[in-house]
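Trainee: Take the sequences, apply the hints, and build the full model.
Protein chains in written order, with numbering that gives the first Met the number 0: chain V, 0 to 117; chain A, 0 to 179; chain D, 0 to 160; chain W, 0 to 94; chain Z, 0 to 530; chain Y, 0 to 565.
Simulated from the structure, these hints should not be mistaken for lab results.
Please note that the accuracy of each hint is not assured.
[Claimed, not checked] Cut-off 20 Å, straight-line C-alpha distance, at most; resulting in silico cross-link-like pairs (DMTMM-like, lysine to aspartate or glutamate):
no. : chain 1 : residue 1 : chain 2 : residue 2
1   : Z       : Lys174    : V       : Glu65
2   : Y       : Lys386    : Y       : Glu454
3   : Z       : Lys174    : V       : Glu107
4   : Y       : Lys171    : Y       : Glu161
5   : Z       : Lys174    : V       : Glu108
6   : Y       : Lys216    : Z       : Glu527
7   : Z       : Lys389    : Z       : Glu527
8   : Z       : Lys71     : A       : Asp24
9   : D       : Lys117    : A       : Asp134
10  : Y       : Lys386    : Y       : Glu372
11  : Y       : Lys216    : Y       : Glu202
12  : A       : Lys133    : V       : Asp63
13  : D       : Lys117    : D       : Asp42
14  : A       : Lys138    : V       : Glu107
15  : Z       : Lys174    : V       : Glu112
16  : A       : Lys133    : Z       : Glu66
17  : Z       : Lys71     : Z       : Glu527
18  : W       : Lys31     : A       : Asp134
19  : Y       : Lys386    : Y       : Glu516
20  : A       : Lys133    : D       : Asp42
21  : A       : Lys133    : Z       : Glu72
22  : W       : Lys31     : A       : Glu84
23  : Z       : Lys174    : Z       : Asp252
24  : A       : Lys138    : V       : Asp63
25  : Y       : Lys171    : Y       : Asp241
26  : A       : Lys133    : D       : Glu113
[As the list claims (entries may be wrong)] Label pairs and their in silico Cβ distance ranges:
no. : chain 1 : residue 1 : chain 2 : residue 2 : range
27  : Z       : Ala46     : V       : Leu67     : 47 to 57 Å
28  : Z       : Ser502    : Y       : Leu42     : 23 to 33 Å
29  : V       : Leu67     : W       : Asp9      : 14 to 24 Å
All values derive from a computational prediction rather than experimental measurement.
Beta carbons: idealized from backbone N, C-alpha and C, even for Gly.
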Amino acid sequence: MIEAYANRYTYVLVAALVAIGLYILIASQNLVKKIIGLSIFQTGIFLFFITAAFVEGGSSPVIDGEGLYASPLPQVIVLTAIVVGVALTAVALALIVRIYSEYGTLDEETLREVRADE
Amino acid sequence: MISAFGAVLFVFILVTALAAAVLRDILAVIIISGAYSLGMALFYAFLLAPDVAMTEAAIGAGVTTLLLLLTVTRTVRQDHNRAIERPNVPALLVCGGFLIVLLMTVAEFPVVGDPAIAWDNPAITQYYIDNAYKDTGVKNAVTAVLAGYRGFDTFGEAMVVFLAGMAALLVLKRGVFTNE
Amino acid sequence: MSDAEGERGLSAYTESQIIMTTVRLVAPFSLTYGLFLMFHSADSSGGGFQGGAIAGATVLMIAFAFGIGPTRDWVKNQTLVVMTAGGVAMFALIGLIPMLFGDAFLAHPVFKTELGIKTKYALEGVEILGIAPIVAGIVTGLFFVIASGFTAEEEEVATDD
Amino acid sequence: MSAVTPFIADVFLGAAALFMVLAIALTYRAIKGPTTQDRVLAVNVLGTNTVVVLALLAAALGETSLLDIALIYALLNFLMAVAISKFTVERGGVL
Amino acid sequence: MSDSLLGLVIVLPLLGSAVSLGAGLIRNHAGWWVAAAILAVEAALTARLAYAIYVGGDRLVHILGGETFGRKEITVDGGTTNFTVGIELVGDALSGLVVVLIAAVALGVLAYSRHAGPRGNIFYAVYLIMTGGLMGVALTGDLFNLFVFLEIVGLATYALVSTGRGVESAVASLKYLVVGTTGASIYLIGVGYVFLETGALNMVDVSRSLAGEPPWFDGALYSEPLVVAGFGFIAVGLATKSAIFPLHTWQPDAYSEAPDAVTVYISALASTSSAYAFARITWMVFTPDFFAVNRRLLEAVLVLACVSVVVGSALAAMQRRVKRVFAYSSVAQFGLIFAAICIAVHPAAGERATQFAVYGTAVHLVGHAVIKSGLFAAAGSLASGEGARKLEEYAGLASRRPFVAGSMAVLGLSLVGVPPSVGFVGKWYIGVGAVNAELWAVVAVIFASTVLSLLYTAQLLEKLYFSSDIETHPMESVVADGGEALSYGMAGVGVTAAILAVSLGFLGADLASLLDPVWQAVAESAPEVTA
Amino acid sequence: MTEVVADPRPLLAVLSSAIAIVFIIASHSRPNVREGWSVLAALTKFGIIVSMLPGVLDGTRYEWSMGPIVGGGNGGIEFALQADPLGMIFATLASLLWIFTAFYAAGYMRGLDEHSQTRFFAAFAASLSAAVGVAFAKNLLTIFVFYELLSVATYPLVAHNEDPEARAAGRKYLAYTFFGGGVLVLGGTALVFVLAGTTTFGETGQALANADPALAKAAFALLATGFGVKAGLMPLHSWLPDAMVAPTPVSGLLHAVAVVKSGVFGIARLVLEVYGPGAMSQFGLGLPLAAVAAFTLTAASVIALRQDRLKRRLAYSTVSQLSYIVLGLALVGPAVSNGDGLRFVIWGALLHIPAHAFMKLTLFFCAGFIHVETHTDYISEMDGIGKRMPLTMAAFAVAAAGMAGIPLVAGFVSKWFLLLGSVQAGQSIFAVILLISGVLNIAYFWPIVYGAFFESHDSADAKPLISGPFGGRASEDAVATDGGSHAEGGEGQGGETEAHDDGHHDHHGGPGPGGWERVGWTGQEGSWLMLGPILVIAAGALVLGIVPYETGFLELIEVVAEEVMG
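Mentor: Shown next as structure tokens:
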């Protein structure tokens with residue numbers, strides 16, 4: 000059992016990162032920390048794709064002649080997904096700046112109280 | 000089998016991720032998330048994905064951390080009496096459940112880096128490696144697939160970046176990026 | 000907390016000689032390296048995104064060193080808009096040209112068969128003329144927009160002017 | 000496929016693993032660091048450490064493109080350190 | 000030639016957004032005109048496309064990147080099979096309907112936002128990108144490309160929602176961003192699992208690989224745990240995007256805080272596009288054979304959908320603000336659509352049940368978009384014309400705004416399912432499909448949804464028509480919030496939606512007959528809709 | 000012998016009042032023109048329908064179809080109208096009575112100068128077009144379309160007064176009718192469509208007969224309950240008495256003729272054409288429906304006894320009379336073996352539709368007229384009103400006699416056939432129930448008539464069943480046995496008027512201090528706009544009672560019976 004998980008250690012890391020990212024997303028009070036949790040959650044998924052592309056003893060997908068290469072397709076997917084993730088983080092931060100300028104707090108609890116008595 | 004470097008890198012990333020979850024002071028968390036993105040870039044490099052590692056490095060260190068800092072510069076720093084956040088039990092249960100579901104499926108995955116059955120479907124991946132240079136004249140297969148075969152994805156991606164800029168302007172109700 | 004007095008930039012910015020000299024030294028290198036990555040995506044890893052991001056990061060570096068106010072005035076909004084909108088237009092154009100010849104959108108081999116331009120250059124054209132300016136423009140633009148924050152009275156600037 | 004003999008590759012990988020252990024120690028300082036300056040220093044050293052590890056990996060795996068990443072980190076690491084440090088000095092007088 | 004239309008229809012609005020931003024340098028108010036011009040051309044292209052699909056009767060495939068990046072032949076140990084290395088855009092009977100809907104609603108909302116909506120070039124640039132993204136979701140034939148376009152639509156929606164007046168809209172937009180991105184990432188995990196198992200991303204190739212056609216697979220992969228988990232993640236991701244019950248928390252805030260023009264647009268198209276994506280993936284990629292093996296998984300989604308119908312309606316009846324009432328009603332109606340999608344592929348469903356469920360999904364998808372956008376337009380008109388946002392403030396409004404109140408009444412009744420309306424036709428098809436499949440519990444929920452949706456509609460009608468307005472509007476109808484009077488464009492959208500809802504009600508049979516190739520393909524578990 | 004002729008007239012019949020709505024709204028500022036439009040629409044509608052009568056009698060079916068409104072199955076389901084004998088009965092009845100109701104409504108609304116009359120008349124026209132639509136529907140789906148439109152069109156009428164009580168009644172009305180229509184009838188239609196592949200009337204009987212019995216029974220149960228809601232079957236009837244809060248023309252034409260009859264008409268279609276006697280007896284569906292109808296019959300009559308408000312008593316009487324029709328239709332199942340038993344049962348049931356319509360409309364119009372002229376709503380205050388409104392009370396007496404089944408008035412003929420049919424069908428228990436309810440009818444109508452003519456305000460004896468919880472007055476003072484007028488009896492009497500069990504507050508009705516002033520028989524008691532229709536419809540009831548065949552209704556019913564039995 001352990002040996003099966005050992006030689007799939009990256010997938011275990013993927014599962015761990017996704018879980019930690021989700022935990023930060025749900026549990027943290029600070030809005031900026033939520034966004035960081037979101038980006039950790041996404042990088043976990045990217046690692047899943049990259050490990051799927053990895054070939055033991057191969058080389059990176061710059062093709063020069065025969066040989067064992069890592070597969071380029073998942074890496075393209077991750078490239079696009081990273082940029083999408085950054086775009087989302089940037090927009091989220093813009094939203095947080097606007098919320099802060101109005102309510103003066105980044106803490107979700109105080110935010111809820113302030114909005115409740117509005 | 001897991002290599003020494005892989006194991007240590009595994010621990011490093013796990014430690015930084017847990018630290019980001021646990022710390023309460025937002026600036027510390029941002030710094031730790033910078034370190035986390037360093038580790039991820041290393042892992043991508045180790046898993047033979049230099050393009051991705053480069054993107055993670057450039058965007059992780061160059062853009063995200065700075066934007067996070069910018070957002071935080073404008074906020075007041077509450078002096079926290081406690082460095083560690085209180086664990087939120089219901090969230091812990093949800094994420095623990097999610098983790099177990101994922102771990103159950105991990106056993107089904109092919110072994111890391113196993114070239115033999117790395118692909119049940121050799122058609123597509125093998126095709127890129129054999130014909131990328133013939134079709135596009137580009138040696139770097141990732142760029143060939145990125146801009147050539149799946150050019151439309153990249154078009155969508157460029158639109159997402161463009162949209163992020165527009166969205167930031169719209170959210171902060173600005174007409175222009177910088178004052179004329 | 001010091002917030003934006005009159006002008007939109009942040010408060011009195013303290014000069015720091017060390018950072019300014021280092022940045023004056025490093026900035027050209029990082030900009031050229033960014034351009035290298037853009038132009039060199041065919042043979043080695045790199046590409047429009049990474050190159051654009053590093054070029055954007057260079058401008059950020061300068062802003063950190065010389066303060067946001069002066070950098071904001073140095074970087075005209077017009078250049079950013081031209082870079083981003085121009086990048087999108089170029090990308091769409093490179094994609095649409097093959098459609099004029101009856102082939103599909105983004106059919107780069109058509110450049111070779113019809114116009115004699117090697118497909119490789121079309122691919123690189125997409126990366127350099129298309130993606131890199133967008134990413135560079137947007138990274139810088141985002142930085143300035145978020146740095147300037149949100150002030151309520153600007154409410155009507157974007158939407159109703 | 001890698002320029003060096005397998006044995007040398009293993010030595011480089013071993014060295015890289017050791018540097019990563021150093022990196023973990025640095026993260027302890029980055030987490031614990033009572034003041035922000037400690038964290039800034041920790042991240043700075045971490046950056047340079049990554050450059051070294053990348054160089055070792057490039058040599059071990061024979062991947063020249065890893066050196067490009069090392070170069071990026073060399074440049075941007077300075078930027079991250081500057082940003083964090085300026086932030087801590089004057090409380091917002093960053094820009 | 001006509002298959003290049005598919006590419007043009009997506010690229011044109013995206014290019015238009017760059018033009019709109021560029022135009023900002025010259026004239027500040029060019030945004031609306033640029034959008035109007037681009038979307039007019041877009042509508043013409045869509046009409047031509049719909050003509051080619053439905054009248055020409057052929058399945059348009061646009062391989063992006065031409066032949067070299069298109070379909071390839073490969074022979075492995077005797078068996079030859081073809082697969083695609085690039086991305087395909089597919090215009091068939093199913094996507095044609097959604098494309099026409101998007102073009103129509105996009106133009107309609109422009110009429111609304113001419114007077115009421117937010118202005119500025121940036122707004123219309125993002126508006127055009129969202130239209131392009133929606134077209135992409137409708138037409139793409141590639142699982143990852145669908146993720147990219149879902150993100151474009153999502154990001155544009157977060158930006159548009161945040162253009163609301165107060166800061167409330169920013170809080171709602173952030174909440175929507177966090178939940179929406181998590182949903183999209185879960186969808187990406189699902190795509191990753193399926194990709195790891197089949198190695199393909201193109202919907203037709205994945206469907207064929209799951210069926211085990213290519214020689215290197217030994218038999219169908221339907222019972223593989225990875226594929227089952229993959230479908231689970233895809234379903235959860237898309238359910239979050241369409242606000243199905245447990246994952247709907249973002250929708251009420253987003254719809255009620257966004258400006259009225261934006262609410263009309265996203266209520267009609269944002270959730271509709273992800274529901275359409277779920278339909279295409281469930282029908283074409285996983286096909287009924289997959290659900291014959293994993294019956295319990297499908298029943299779980301079915302239960303989720305039925306619960307969503309009941310809870311959505313109950314919550315809608317409890318709301319005080321009118322826009323929140325309609326937001327929760329959307330949760331209920333999309334529960335109905337997801338139930339119909341599941342019935343079509345249910346192992347117990349015979350060919351007849353699949354036929355009706357497919358009819359029901361398509362008609363209700365289009366019908367609900369028309370009805371809900373009309374309702375939000377009418378609510379917006381009353382809000383800006385009379386300053387009435389809460390249910391109590393609606394007392395006696397019918398006498399002051401007969402046309403807008405009239406259109407709201409007609410649309411409300413068609414939402415309930417009063418016969419000559421498109422709401423009834425959709426509900427009828429789904430109901431008959433469920434009866435054919437003998438899923439009695441689902442039948443009960445579908446027909447009970449009439450009374451459930453009556454809960455909140457009757458409140459509205461009673462307030463509008465039969466409560467005297469003396470106690471709430473003593474003074475003459477002074478426009479409450481300063482000068483934002485009601486323009487003809489705003490009232491016009493509501494009225495046209497009402498007329499459309501009733502006329503589509505009469506065209507129920509022809510609207511459904513457009514879907515014949517789709518249900519035949521689903522019945523035979525074919526990977527593609529041979530038009 | 001029946002041949003189908005494509006003809007736009009059924010559509011024109013339905014649309015004539017729909018088009019009138021536009022004109023009614025257009026002429027909202029000039030009341031006379033507006034009322035003119037209503038009357039004109041009523042006349043054209045009646046004219047179109049009657050023009051089809053001879054053709055339908057000798058076997059031609061006028062049909063109009065818009066093509067399939069819903070696809071699937073073999074060719075989908077058409078949105079089609081067909082003028083067949085059964086449909087003609089209901090359509091002629093509704094349009095004929097609408098002519099007089101239009102006049103009556105104009106008088107009523109002007110008498111009380113009600114608010115928003117335009118909306119009232121527009122909704123009235125809309126509900127009439129929906130009612131004729133229900134009559135001429137060719138298949139289950141079209142009847143469902145008009146069934147729902149009828150609910151929507153009548154809702155503004157129920158909630159017309161715009162006060163909390165009217166709103167509550169409107170809400171209850173919508174809930175019941177939409178539950179009945181939207182959920183049950185739609186579910187039943189879907190089930191029938193799935194089982195039989197088509198929903199056209201007359202073609203589904205055979206397919207349903209050999210369908211899976213459980214599903215066929217379920218479909219019947221769904222459709223019967225769905226239509227039963229509007230037909231006022233007992234557990235689902237409580238919306239009807241509450242809807243009495245609406246203006247009287249609405250309670251009259253709609254809640255006695257159009258809306259409730261559409262429910263009963265739906266059951267008629269269901270029993271005679273969707274299932275047909277064969278399937279009915281095969282699955283034994285008749286008896287349970289008959290049992291429900293019988294229960295409603297008696298219970299409603301008992302409750303009617305105890306209602307002091309005249310309109311609520313008439314509402315409960317409607318509930319019970321409708322169950323006569325449902326009982327007659329339900330007996331079609333058990334009577335299928337016995338030839339003329341079946342014929343009589345069908346005759347009785349279908350004839351009771353027009354009979355009850357004429358009589359009940361007269362009663363409601365009288366109630367309305369009394370309310371307009373003297374603002375009295377409570378029976379206990381109506382003693383001696385015959386002096387004040389002799390002609391009205393005479394018409395009331397005629398109609399009440401008919402309801403009780405006294406010969407020469409319409410009610411007797413249909414009840415007679417029902418009795419004959421149930422005896423011959425071997426279900427004599429229902430004949431007994433019919434007789435009991437006849438007695439109960441007398442019990443709750445006769446005191447009103449007697450009180451009006453033979454008593455004066457101060458010497459009326461106690462109404463035994465009005466306020467005691469289980470009947471009988473528990474008042475402490477001695478009851479004046481000899482009917483003579485003595486002082487304390489009067490006060491006692493006076494005292495009673497305040498202690499009404501349902502405590503109506505601003506109760507300003509009732510006779511003046513000196514009792515009702517005497518008005519001659521020559522019609523000075525109120526405006527002719529209302530008195531005219533009352534007398535005409537009362538005369539109609541008499542004509543229907545004396546010569547049912549010549550009025551065309553019985554002739555139509557015979558054609559229907561032949562078709563069903565043929």
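Trainee: With reference to the structure, classify each hint as holding or not holding.
Mentor: Verification of the hints:
For the suggested pair Z:Lys174 and V:Glu65, the alpha carbons sit about 50 Å apart, so the restraint of at most 20 Å is broken. For the hint pairing Y:Lys386 with Y:Glu454, the CA-to-CA distance comes to about 10 Å; that is within 20 Å, so the pair holds. Distance check on the hinted pair: Z:Lys174 and V:Glu107 sit about 11 Å apart at the alpha-carbon level, within 20 Å; holds. With a C-alpha separation of about 14 Å, the suggested pair Y:Lys171 and Y:Glu161 falls inside the 20 Å cut-off, and the hint holds.
Between Z:Lys174 and V:Glu108, the direct Cα distance comes to roughly 14 Å. Compliance with the 20 Å bound is thereby established for this hinted pair. A hinted pair counts as satisfied when its Cα atoms are at most 20 Å apart, and Y:Lys216 with Z:Glu527 does not qualify at roughly 41 Å. For the hint pairing Z:Lys389 with Z:Glu527, the CA-to-CA distance comes to about 47 Å; that exceeds 20 Å, so the pair is violated. Under the criterion of a C-alpha separation no larger than 20 Å, the hint pairing Z:Lys71 with A:Asp24 is inconsistent with the structure, at around 55 Å.
Annotation: proposed proximity of D:Lys117 to A:Asp134 holds, straight-line Cα distance about 11 Å (limit 20 Å). Under the criterion of a C-alpha separation no larger than 20 Å, the hint pairing Y:Lys386 with Y:Glu372 is consistent with the structure, at around 13 Å. For the proposed pair Y:Lys216 and Y:Glu202, the alpha carbon gap of about 18 Å is at most 20 Å, so the pair holds. A hinted pair counts as satisfied when its Cα atoms are at most 20 Å apart, and A:Lys133 with V:Asp63 qualifies at roughly 12 Å.
Between D:Lys117 and D:Asp42 the alpha-carbon distance is near 15 Å, which keeps this suggested pair within the 20 Å criterion. Simply put, A:Lys138 and V:Glu107 have alpha-carbon atoms about 50 Å apart, too far for the 20 Å limit, and the pair is violated. At most 20 Å may separate the alpha-carbon atoms for a hinted pair to count; Z:Lys174 and V:Glu112 meet this at roughly 16 Å. For the hint pairing A:Lys133 with Z:Glu66, the CA-to-CA distance comes to about 14 Å; that is within 20 Å, so the pair holds.
Between Z:Lys71 and Z:Glu527 the alpha-carbon distance is near 18 Å, which keeps this suggested pair within the 20 Å criterion. Restraint check: the Cα-Cα separation between W:Lys31 and A:Asp134 comes to about 53 Å, which exceeds 20 Å; the hinted pair is violated. Proposed proximity of Y:Lys386 and Y:Glu516 is supported: the alpha carbons are some 7 Å apart, at most 20 Å. Distance check on the hinted pair: A:Lys133 and D:Asp42 sit about 14 Å apart at the alpha-carbon level, within 20 Å; holds.
A hinted pair counts as satisfied when its Cα atoms are at most 20 Å apart, and A:Lys133 with Z:Glu72 qualifies at roughly 16 Å. A C-alpha spacing of about 14 Å is found between W:Lys31 and A:Glu84, which places the hinted pair at or below 20 Å, so the restraint holds. With a C-alpha separation of about 9 Å, the suggested pairing of Z:Lys174 with Z:Asp252 holds against the 20 Å cut-off. A distance of roughly 7 Å separates the Cα atoms of A:Lys138 and V:Asp63; the hinted pair therefore holds under the 20 Å criterion.
Under the criterion of a C-alpha separation no larger than 20 Å, the hint pairing Y:Lys171 with Y:Asp241 is consistent with the structure, at around 8 Å. Taking the CA atoms of A:Lys133 and D:Glu113, the gap is near 18 Å; set against the 20 Å cutoff, the hint holds. For Z:Ala46 paired with V:Leu67, a C-beta distance near 52 Å keeps the hint of 47 to 57 Å intact. Checked against the hint of 23 to 33 Å, the pair Z:Ser502 and Y:Leu42 passes, with Cβ atoms roughly 31 Å apart.
For V:Leu67 and W:Asp9, the Cβ-Cβ distance of about 19 Å falls inside the hinted range of 14 to 24 Å, so the restraint holds.
The structure shown violates the earlier hints numbered 1, 6, 7, 8, 14, 18.
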